[in-house]
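Engineer: The chain contents come next:
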Amino acid sequence: MPATTLPPLTLVLGGARSGKSTHAERLLTALPAPWAYVATAEAWDAEMRQRIDVHQARRGSGWISYETPLDLAGVLSGDAAGSPCLVDCLTLWVSNLMHARRDIAQEADVLIEALSKRTAPCIMVSNEVGLGIVPDNALARQFRDEAGRLNQRIAAVADRVLFVAAGLPMNLKG
Amino acid sequence: MPATTLPPLTLVLGGARSGKSTHAERLLTALPAPWAYVATAEAWDAEMRQRIDVHQARRGSGWISYETPLDLAGVLSGDAAGSPCLVDCLTLWVSNLMHARRDIAQEADVLIEALSKRTAPCIMVSNEVGLGIVPDNALARQFRDEAGRLNQRIAAVADRVLFVAAGLPMNLKG
Amino acid sequence: MPATTLPPLTLVLGGARSGKSTHAERLLTALPAPWAYVATAEAWDAEMRQRIDVHQARRGSGWISYETPLDLAGVLSGDAAGSPCLVDCLTLWVSNLMHARRDIAQEADVLIEALSKRTAPCIMVSNEVGLGIVPDNALARQFRDEAGRLNQRIAAVADRVLFVAAGLPMNLKG
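Line by line, the protein sequences are chains A, P and Z. With the working numbering applied, the first sequence corresponds to residues 1 to 174, in that order. With the working numbering applied, the second sequence corresponds to residues 175 to 348, in that order. With the working numbering applied, the third sequence corresponds to residues 349 to 522, in that order.
Honestly, the hints are just simulated from the structure, not real lab data. Keep in mind that this is a model prediction, so the values were computed, not measured. Some clues are possibly wrong.
As the list claims (entries may be wrong) - If the Cβ cut is set under 8 Å, some of the chain P residues that face chain A in the computed set are:
| # | residue |
| --- | --- |
| 1 | 181 |
| 2 | 245 |
| 3 | 247 |
| 4 | 306 |
| 5 | 307 |
| 6 | 342 |
Stated by the list, open to error - Subject to a maximum C-alpha distance of 27 Å in a straight line, what follows is the list of computed DSS-like cross-link-like pairs (lysine-lysine):
| # | chain 1 | residue 1 | chain 2 | residue 2 |
| --- | --- | --- | --- | --- |
| 7 | P | 347 | P | 291 |
| 8 | Z | 465 | Z | 521 |
| 9 | P | 347 | Z | 465 |
| 10 | A | 173 | P | 347 |
| 11 | Z | 521 | A | 173 |
Claimed, not checked - Just the calculated beta-carbon pair ranges, DEER-fashion:
| # | chain 1 | residue 1 | chain 2 | residue 2 | range |
| --- | --- | --- | --- | --- | --- |
| 12 | P | 348 | A | 56 | 44 to 52 Å |
| 13 | A | 45 | P | 208 | 54 to 62 Å |
| 14 | Z | 393 | A | 55 | 42 to 50 Å |
| 15 | Z | 490 | P | 256 | 35 to 43 Å |
| 16 | A | 56 | Z | 394 | 38 to 46 Å |
| 17 | P | 316 | Z | 484 | 19 to 27 Å |
Even for Gly, the Cβ is constructed at its ideal location relative to N, Cα and C.
Please work from the sequences and hints to get the whole structure.
Structural biologist: Put into structure tokens, the structure is as follows:
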């Protein structure tokens, strides 16, 4: 797709190891560099630090990386406001917010407000986690509900929504 | 979609918190009221009663509610026979039948027979539960198999089948 | 679809009890018999033996059956090289390879090389297992990752990729 057709907000949904992040990177890098990579993962220990560094090295030059486990809106409307941007991923953000005992509906309001003010394109990657058996664990059920609700809210404001399976996108919207 | 185009039987599949029920309600309420809401959930206790009441209040007026944990065919060919109807949901019905030690294949025969005699449109909501890791638990595996088989049988007789993710429908049939 | 249009390699993805195997059989048997059925399941005991026999009886005549828990490439480029072929399923093959402590990326290289040399059509069935909650169990997470990676690799070389839900195919590629 020509660079000029990437809309303001794209949501890329998919399962674990579905190729959703790679697909999102390919869409974004069709635009001219530099690109912002906004990671919601946090380096808690040396192993995690190393995994994040490996990912950065794989992406190569042209990327500016941000790590923001909680304040996604701040980065998207602050340092990364002017750049085409990849957020990877919303599901981990929900998990981080739950651990920090934040109100997720309220955080989603703030995020959607920040997204509405951007002009540079943004691609958000998110997991679909509701297509298995109901988890035994109450916290896992709550997480699944929160992640599903956030996906619905972002999809509602997104210009384009894709569902990726085995590396291949299906068009849900836009 | 214009009201006159809603076919006799629509199946709406999706994950937990995928927006499938909301999408189904929107399709049905494009037809003139009253609409039948056929819930397979049962109020076992005060908390469950309250949750069901909250759902009813949210749907607003124009709806006639039925609660039928087991006898879906009876309601669909009885009290709700003449009304456009939303069944929410088939997956919970399978779970209820398993608890009641009913023969699910046989119950599905009776349900499909009842559906074939209706003339008012019916939308059935169901969960897709087979896209995660194989459950450790034998009962969960059996439930997953029964739910999957029922989805296939209803899809085979449905005029239209939709798969909803993040609130957005994909067309599988019709 | 007319027999002559079945491409060299088709991947049929889907959940448990999604009807993916039945759909794959229907596609293959549109071609003239005999057809090769390449099972990755193994008869460990009498119960498993009986289940496999029941499946064979259901498929009926015209099929030549192979059981190959590990050496898929050998069968596809050996005894079954000249026949239209159904492989059921890749996900169980990944599980078998993990139990045998094989290097899955390397085994996938060998499989893809063998597929590239076939001229008779091949349909491979595989489970999508990454759309539920993250498993607690580390081995289950590793399995999910390996299965997802293999699906991506096979999808990349396949001529056609289908995703089956409730017995109904969605076209992902080709």
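Engineer: Quick one: which hint numbers does this structure break? Sort them smallest to largest.
Structural biologist: 1, 2, 3, 9, 15, 16
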